[in-house]
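Number of protein chains: 2
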Amino acid sequence: MSDIQAYLDAHFAEALDDLKAFCRIPSVSTDPAYAAGIAQAAAFVADRLTRAGFSGVELLATGGHPAVFGEIISDAALPTFLVYGHYDVQPPDPLEKWKTPPFEPSERDGRLYARGVSDDKGPLLIPILVAEAFIKTAGKLPVNLKVLIEGEEESGSPHFEATLQAYSDRLACDLVISADGAMWRPDRPSVTVASRGLVALEITVEGASKDLHSGRHGGSAPNPIAALASLLASLHGEDGRVSVDGFLDGTHPPDPTIVAAIEAANFDTDAYYRDIGSPLPDPIASGRKLLIRQWLEPTLEFNGISGGYQGAGTKTVIPSAASAKITCRLIAGQKPDHVVEVIARHLKSRLPPGFALQVHRHGPGSEAFFVDPKLPALEIAEGVLSELLGQKPLRVAMGATIPIGASFRKHLGREAIFFSFSTSDEDYHAPNEFFRLANFSIGLTAWAMLLDRLGAAHA
Amino acid sequence: MSDIQAYLDAHFAEALDDLKAFCRIPSVSTDPAYAAGIAQAAAFVADRLTRAGFSGVELLATGGHPAVFGEIISDAALPTFLVYGHYDVQPPDPLEKWKTPPFEPSERDGRLYARGVSDDKGPLLIPILVAEAFIKTAGKLPVNLKVLIEGEEESGSPHFEATLQAYSDRLACDLVISADGAMWRPDRPSVTVASRGLVALEITVEGASKDLHSGRHGGSAPNPIAALASLLASLHGEDGRVSVDGFLDGTHPPDPTIVAAIEAANFDTDAYYRDIGSPLPDPIASGRKLLIRQWLEPTLEFNGISGGYQGAGTKTVIPSAASAKITCRLIAGQKPDHVVEVIARHLKSRLPPGFALQVHRHGPGSEAFFVDPKLPALEIAEGVLSELLGQKPLRVAMGATIPIGASFRKHLGREAIFFSFSTSDEDYHAPNEFFRLANFSIGLTAWAMLLDRLGAAHA
Numbered sequence: 098m099s100d101i102q103a104y105l106d107a108h109f110a111e112a113l114d115d116l117k118a119f120c121r122i123p124s125v126s127t128d129p130a131y132a133a134g135i136a137q138a139a140a141f142v143a144d145r146l147t148r149a150g151f152s153g154v155e156l157l158a159t160g161g162h163p164a165v166f167g168e169i170i171s172d173a174a175l176p177t178f179l180v181y182g183h184y185d186v187q188p189p190d191p192l193e194k195w196k197t198p199p200f201e202p203s204e205r206d207g208r209l210y211a212r213g214v215s216d217d218k219g220p221l222l223i224p225i226l227v228a229e230a231f232i233k234t235a236g237k238l239p240v241n242l243k244v245l246i247e248g249e250e251e252s253g254s255p256h257f258e259a260t261l262q263a264y265s266d267r268l269a270c271d272l273v274i275s276a277d278g279a280m281w282r283p284d285r286p287s288v289t290v291a292s293r294g295l296v297a298l299e300i301t302v303e304g305a306s307k308d309l310h311s312g313r314h315g316g317s318a319p320n321p322i323a324a325l326a327s328l329l330a331s332l333h334g335e336d337g338r339v340s341v342d343g344f345l346d347g348t349h350p351p352d353p354t355i356v357a358a359i360e361a362a363n364f365d366t367d368a369y370y371r372d373i374g375s376p377l378p379d380p381i382a383s384g385r386k387l388l389i390r391q392w393l394e395p396t397l398e399f400n401g402i403s404g405g406y407q408g409a410g411t412k413t414v415i416p417s418a419a420s421a422k423i424t425c426r427l428i429a430g431q432k433p434d435h436v437v438e439v440i441a442r443h444l445k446s447r448l449p450p451g452f453a454l455q456v457h458r459h460g461p462g463s464e465a466f467f468v469d470p471k472l473p474a475l476e477i478a479e480g481v482l483s484e485l486l487g488q489k490p491l492r493v494a495m496g497a498t499i500p501i502g503a504s505f506r507k508h509l510g511r512e513a514i515f516f517s518f519s520t521s522d523e524d525y526h527a528p529n530e531f532f533r534l535a536n537f538s539i540g541l542t543a544w545a546m547l548l549d550r551l552g553a554a555h556a
Numbered sequence: 098m099s100d101i102q103a104y105l106d107a108h109f110a111e112a113l114d115d116l117k118a119f120c121r122i123p124s125v126s127t128d129p130a131y132a133a134g135i136a137q138a139a140a141f142v143a144d145r146l147t148r149a150g151f152s153g154v155e156l157l158a159t160g161g162h163p164a165v166f167g168e169i170i171s172d173a174a175l176p177t178f179l180v181y182g183h184y185d186v187q188p189p190d191p192l193e194k195w196k197t198p199p200f201e202p203s204e205r206d207g208r209l210y211a212r213g214v215s216d217d218k219g220p221l222l223i224p225i226l227v228a229e230a231f232i233k234t235a236g237k238l239p240v241n242l243k244v245l246i247e248g249e250e251e252s253g254s255p256h257f258e259a260t261l262q263a264y265s266d267r268l269a270c271d272l273v274i275s276a277d278g279a280m281w282r283p284d285r286p287s288v289t290v291a292s293r294g295l296v297a298l299e300i301t302v303e304g305a306s307k308d309l310h311s312g313r314h315g316g317s318a319p320n321p322i323a324a325l326a327s328l329l330a331s332l333h334g335e336d337g338r339v340s341v342d343g344f345l346d347g348t349h350p351p352d353p354t355i356v357a358a359i360e361a362a363n364f365d366t367d368a369y370y371r372d373i374g375s376p377l378p379d380p381i382a383s384g385r386k387l388l389i390r391q392w393l394e395p396t397l398e399f400n401g402i403s404g405g406y407q408g409a410g411t412k413t414v415i416p417s418a419a420s421a422k423i424t425c426r427l428i429a430g431q432k433p434d435h436v437v438e439v440i441a442r443h444l445k446s447r448l449p450p451g452f453a454l455q456v457h458r459h460g461p462g463s464e465a466f467f468v469d470p471k472l473p474a475l476e477i478a479e480g481v482l483s484e485l486l487g488q489k490p491l492r493v494a495m496g497a498t499i500p501i502g503a504s505f506r507k508h509l510g511r512e513a514i515f516f517s518f519s520t521s522d523e524d525y526h527a528p529n530e531f532f533r534l535a536n537f538s539i540g541l542t543a544w545a546m547l548l549d550r551l552g553a554a555h556a
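Protein chains in written order, with the working numbering: chain C, 98 to 556; chain U, 98 to 556.
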């Protein structure tokens, strides 16, 4: 292992250059305006895999943005691990809030700032660089490694399940290791053993067939913003919880190991609200309750709303339509299809006369995910983190969604563990996303140790 | 009068070219991006006044966009009328809904399509062209005429009252005649004797100090879209009426002459909703009630709403802020200041913990307006319309606001009547605004008759 580490140390500046080049590519998957960036990012990953020594490198057709595949099969008798990541990124807006442009990586105070650097370009580059280090020093890997880097994660992975199904032979493995995900806190190592599911929808309320003058028609014409506001206001109760009939259908009590982690975490609620820059809201009173809400309760969040005039000043118009973007985070037992159905039913039953309602779903969504707590690879990963970071990692849940767990189990019949070196405070869906360069370095060492020990565990 | 009409007929094609040239100028007053169009439109009006034979033509400084002044004083013994209009226009968006570009006038089926052609470029051009016809044929006007064309009407005329006050000597007159306003219906001549007032505000709800990932933070961070939706939903009752304490303070029962007009109008509610392309909403049951709501009840309408991600697809974000644009139409007795105050109080008292609220007012607003029903000039105007259009015009109220009535009374001590040839179905605050060319022609004749008779009435 010491020659591997020496190689990684000697080539760290190049690794950082690779990461910067990757982050210069604007690979936003949700907006067709960035199609060229997506193609360029896929080509970048394929090229980097080839240079690292992977074979069979190919852009897999998915029906949407391509996924990138590559493999290093050292010995058919060794176990095979499939590394997962994604080369697409979140949209960069609001652009005016970035201190340096989102697609011009900027190093400041030991951090690299760029859209996608933490989610997931930095973390996914690490196992590729580590594989290269093994090949250049030892000529082979201690395990067989396959890599699958998709391009639609930030769009809800609409073609991912079909891709797994179509290429299941080529993707066959013993275990999936995800380079996506995030450590919970910068000061406390953690491994993620559960994540909430996700389903996305957009609702549009329509009134008159054209925009109307709010003077002449005010008080008589239907105002879709008013109807939309009432509908949205009906989706939560006074306590902030979702008040849609049937929303919780199929859910179970939470996993006791995660509740134990919550008890152990001693979460500081005041610090949380200070950090996000918000006054302390009622009725969220204690740290324990807040973590339960983040990890173990489902949500219905409004991600965007629009309708009517949005320029400077005023325009005396009654718009013909108004719409809202919604995502729900799901807990174990909630089915995306059913959740969309009960929300649509709730809204339709409350739509005032004089309006039409469209409910449009974005992507298939994904169920919540749980790892088998007795998985040997999970303990090996925890051992590596304990040694490198000096503390036994906490087993935590994630409020965010990593849908791959459920997908890999369904289509490849394999478990997935998360081994990522981004941290959840790195603003990865907000302006000024960054990645800690210390974690880039630790991540390289950790992945080298992980692959080494996974090979040794088999021998 | 026959030589005047002959002149107008002979020069109608040139008049239409003038109108098209005027409409090519993008004079949007609410958006600073159109500053050049505003300057160009003011210069166009000044030049056209000069060419028509007006003297003392000048751009009056207002503190905002300039107002254009000009006068023809034929004889100090004649009565003096001040013509009012505005050269600014509404914003053209949504641009994609225009069949032909908003600032490229297009003639189709006897209509001229362009932003501002009906409100107010066509109607204001008419008296200027008529004055020119008198000067070119008779060498003088039958009355003294002053013209004041402002550039901030669509922004709520923030500097108009101060302008009237500053230039009150130059603007001194016996009566104001507004070329702004609109006939109520294409099939029924009408004169407007009342209009609702207006006040505009914008509210912004702020949560966390930055945009947050809706997975990690969902369920615990404050969502400003949710708070905004609740606040907006609280502003109206089940019957669609404004439910803000104190909103109706100072109001009186409606003018009986307008209620009589409503009874006479026999308004077809079904046709109204068919025309605007909306299903018939409850609880508005009868035509009479609907007209009362349009003319004699105040409103609180949402003109725009925005927050969070508005691009294609989804973005899993909890935005840091969300905002809504609101305008209220006011009836006699409601004070703009007080209305803003009670709305702000209503919203503040309902703001959930964890949020901040900003209430920003756009412009001073204006009170509702009523004309003295016994004004001789009003009867002369009605006579002209009866003769030209074959029906006695209805005295109607307007749901929309023409704030000048109250302003001229306050600063010049004079009444105002409305004599406009646009029609309220001409989509003047919506895409595909148009002006009926037949009304452009009738308007020229009508203004010539009006000025002639106003002169004769004095003699």
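No lab work stands behind these hints: they were computed from the structure. Treat the hints with care, as some may be off.
Treat identical chains as interchangeable: a pair holds within one or across any two.
To be verified - No more than 27 Å apart at the CA atoms, straight line, and that leaves these computed lysine-lysine pairs for DSSO-like: (1) Lys237 to Lys194; (2) Lys237 to Lys386; (3) Lys237 to Lys196; (4) Lys471 to Lys445; (5) Lys117 to Lys307; (6) Lys307 to Lys194; (7) Lys507 to Lys307; (8) Lys386 to Lys307; (9) Lys445 to Lys489; (10) Lys471 to Lys233; (11) Lys233 to Lys307; (12) Lys196 to Lys307; (13) Lys471 to Lys307; (14) Lys507 to Lys386; (15) Lys507 to Lys471; (16) Lys196 to Lys507; (17) Lys386 to Lys194; (18) Lys233 to Lys386; (19) Lys471 to Lys237; (20) Lys507 to Lys445.
Every value quoted in this text rests on a predicted model; they were computed, and no experiment measured them.
Hint check results:
1. When the C-alpha separation of Lys237 and Lys194 is checked against a cutoff of 27 Å, the pair qualifies neither within a copy, at 45 Å, nor between copies, at 61 Å.
2. Proximity of Lys237 and Lys386 under a CA criterion of 27 Å is satisfied in neither setting, with 49 Å inside one chain copy and 84 Å between copies.
3. Taking identical chains as interchangeable, the C-alpha atoms of Lys237 and Lys196 are never at most 27 Å apart, the minima being 43 Å within one chain and 65 Å between chains.
4. Neither within a single protomer nor between protomers do Lys471 and Lys445 lie at most 27 Å apart by alpha-carbon distance, with minima of 45 Å and 52 Å respectively.
5. When the C-alpha separation of Lys117 and Lys307 is checked against a cutoff of 27 Å, the pair qualifies only between copies, where the shortest distance is 25 Å, while the shortest distance within a copy is 47 Å.
6. Taking the shortest alpha-carbon separations for Lys307 and Lys194, only the inter-copy value of 9 Å comes in at or below 27 Å, while the best intra-copy value is 34 Å.
7. Within a single copy, Lys507 and Lys307 get their C-alpha atoms no closer than 47 Å, and across copies no closer than 37 Å, so neither meets the 27 Å cut-off.
8. Proximity of Lys386 and Lys307 under a CA criterion of 27 Å is satisfied inter-copy only: 23 Å between copies versus 47 Å inside one chain copy.
9. Taking CA atoms no more than 27 Å apart as the test, Lys445 paired with Lys489 passes in neither setting, with 50 Å inside one copy and 47 Å between copies.
10. For the homomeric pair Lys471 and Lys233, neither the shortest alpha-carbon distance inside one copy (34 Å) nor that between copies (99 Å) is at most 27 Å.
11. In the homo-oligomer, the alpha carbons of Lys233 and Lys307 never lie at most 27 Å apart, since the shortest distance is 65 Å inside one protomer and 44 Å across protomers.
12. Only between protomers do Lys196 and Lys307 lie at most 27 Å apart by alpha-carbon distance; the minimum there is 13 Å, versus 40 Å within a single protomer.
13. For the homomeric pair Lys471 and Lys307, neither the shortest alpha-carbon distance inside one copy (60 Å) nor that between copies (39 Å) is at most 27 Å.
14. With identical chains, the CA atoms of Lys507 and Lys386 are never at most 27 Å apart, being 32 Å at best within one copy and 60 Å at best between copies.
15. Taking the closest pair of Cα atoms, Lys507 and Lys471 come within 27 Å of each other only inside a single copy of the chain (19 Å); across copies the shortest separation is 83 Å, beyond that limit.
16. For a Cα distance limit of 27 Å, the shortest separation of Lys196 from Lys507 qualifies neither inside one copy, at 42 Å, nor across copies, at 50 Å.
17. In this assembly of identical chains, the alpha carbons of Lys386 and Lys194 never lie at most 27 Å apart, being 32 Å within a copy and 49 Å across copies at closest.
18. Neither within a single protomer nor between protomers do Lys233 and Lys386 lie at most 27 Å apart by alpha-carbon distance, with minima of 50 Å and 84 Å respectively.
19. Neither within a single protomer nor between protomers do Lys471 and Lys237 lie at most 27 Å apart by alpha-carbon distance, with minima of 30 Å and 101 Å respectively.
20. For the identical chains of this complex, Lys507 and Lys445 are neighbours neither inside a copy (33 Å) nor across copies (50 Å), given an alpha-carbon limit of 27 Å.
Consistency note: the structure conflicts with the earlier hints numbered 1, 2, 3, 4, 7, 9, 10, 11, 13, 14, 16, 17, 18, 19, 20.
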